[in-house]
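Enquirer: What follows is each chain in one-letter form.
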Amino acid sequence: MEDLRETVIIPVTASELYSKVSDLNEDGYRLVQACCTKVSEGFEIIYSFDKEHELLNLKLTIPEEEEIMSITGITWSAFIYENEMQDLFGVKFKHMSLNYGGHFFKVSQPTPWNPKN
Amino acid sequence: MSYVTKSPWLIHYDGSSCNGCDIEVLACLTPMYDVERFGIINTGNPKHADIFLITGAINEQNKAVVKQIYEQMPEPKVVIAVGICATSGGIFKECYNIMGGTDTVIPVDVYVPGCAARPEAIIDGVVKGLGVLAKKKEAMEKGLPIDTAKGKEKEEA
Amino acid sequence: MGKRTIIPFGPQHPVLPEPVHLDLVIEDETVVEAIPSIGFIHRGLEKLVEKKEYTEMVYVIERICGICSFGHGWGYCLSVEGVMGVEIPERANYLRTIWHELSRMHSHLLWLGLLADGFGFESLFMHCWRIREKVLDIFEKTTGGRVIFSVCKVGGVRKDIDEATLKEISSVVDGMKKELKELADVFLEDYSVKNRLCGVGYLSKEDAAELAAVGPMARASGLKQDMRLLGHGVYDKLGFEPCIETAGDSYARCKVRIREVFQSIDLIIKAIEMIPDGDISVPVKGNVPANECVVRLEQPRGEAFYYAKGADSKFLERMRVRTPTNQNIPAMVKTLQGCDLADVPMLILTIDPCISCTER
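Protein chains in written order, with my numbering: chain A, 1 to 117; chain B, 118 to 274; chain C, 275 to 634.
Simulated from the structure, these hints should not be mistaken for laboratory data.
Incorrect hints may have been included.
Said to hold, decoys possible - DEER-style ranges, computed between Cβ atoms:
(1) C:Gly276 <-> B:Gly156: 40 to 46 Å
(2) B:Lys259 <-> C:Asn469: 34 to 40 Å
(3) B:Lys259 <-> C:Glu307: 51 to 57 Å
(4) A:Gly73 <-> C:Leu462: 39 to 45 Å
(5) A:Gly28 <-> C:Asp302: 52 to 58 Å
Where a beta carbon is used, it is the ideal one built from N, C-alpha and C, also for glycine.
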């Protein structure tokens, strides 16, 4: 039995994210979730993958303005998380396969988690 | 309740509740509590409904939906806010996307607080709402304007 | 090729207990595409971590959803305990597992009722909910609440269950088996019910894996995926094995859930036999250190994900909850493609959607 408290978080850079996710997908990992945290340097995005109950997390830290590559081309189900991050934080994605353009969550103020925008 | 000549039907909409009140509303319909003995039927069509039962607080996105359902309902009608979120916003009041209780968009006749509101309290609230409905109906028959504010009663669970 | 029409479905619809909106692109009577739009109950409660201390936040997290409220409270507590490095007493683990399995029973019975209502079998709906009240009575007796318990806290649980009540719970759930068997026979053997469920909404094993389905949806398509295998609580000691079906249709999803209700009963009885004496909580003091923790828990609807990040203060920096319905939406959209318009409400029901969970 794995140690429940063990949280494996591997840092990645924006340029290697796409190939890394692609490798994991080939390996049979499934996307568990993606979430964003507002930190002083910009955004910290965690992508979690699972294979046979083993969890693997990729952590990407990017400056606020940077556009990152969408992973919907690899796992389509990521559209939910990417649209959520786009609406709530204002993270910018390139080549999203399903882009709601900010209408996924309708909120009273734009990007409530990142009010400076 | 002999003064109600038509069986009151209700429509239920989940504003932004946590489902706790919604499942209690449904539990009211089932054998344990059985509001159907009062002739109350849960309908999905606003035009068939006399009572609008709303759970959960109002947010930016469902504001228009709630308003539209209210406007589609024929007069006389009664609005019952079930649960503390529908009453005032409750625990979610401070959330960025919550505007407040149901009365921020439509007039409310009966408030049923509780988190989650118990089926007994919901039934009490609905029965109280029937009284308001009868008054409104009377006013309508006499050709008086229906003053929603006057029918306001507070239900304490 | 027929004419294409777009039908907006929801958020307020007679068959929908909860607000979800779909744009259904149909050709004659067949759905070609379904585009979901959500956000009708988005509250933004994760952001309340900035205003509520970590000990208070558990009450907010529980109110993500009134159906799996205990599970959310547990997941939150586990993640914060992980960040703080707190070990909770064994008895608390047993109690949490018992309440969690009871929640699963009530959630699955609720779903079975809604399913029966969905295919127009009103009396079956009523019977499912009648039996469910017995579970709610146990909750009320042990925690004081019917749907929201607030019994889990960081460091353990708030209430103990005494010996006599544990025995009573054991006999009540055991007694439910007979009635459940009768209902299960209707769901699984009745000709008209089978007619509505068999072969409807097929999701292949490959698609389920590709679209990352979770919970009963994945298990009905033959994937062995259940977070209880991770051994949170005392599942490892109870000898837990997931229920798996291979047909991948609505009937299989129904069967998985029915089997899980019976399995939950067995798990509860076993846990009650094994529960040790001892404390039910440890005192937790001080700030949450600047650390991260990820926890996954099997809710009635599938795998839920909790991420907590401390900031060396009483307030967490980030609390993220990813709920099972959120993950099942792509699979739902996939099963909707190519189905009959009349089957749409049924298919939406079979993923057991919990929109409050999804939108938080």
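Enquirer: Run every hint past the structure and note whether it holds.
Expert: Status of the hints after comparison with the structure:
1. C:Gly276 <-> B:Gly156: 40 to 46 Å: holds (43 Å)
2. B:Lys259 <-> C:Asn469: 34 to 40 Å: violated (54 Å)
3. B:Lys259 <-> C:Glu307: 51 to 57 Å: holds (54 Å)
4. A:Gly73 <-> C:Leu462: 39 to 45 Å: holds (41 Å)
5. A:Gly28 <-> C:Asp302: 52 to 58 Å: violated (39 Å)
Going down the numbered hints, you'll see the structure goes against 2 and 5, while the others check out.
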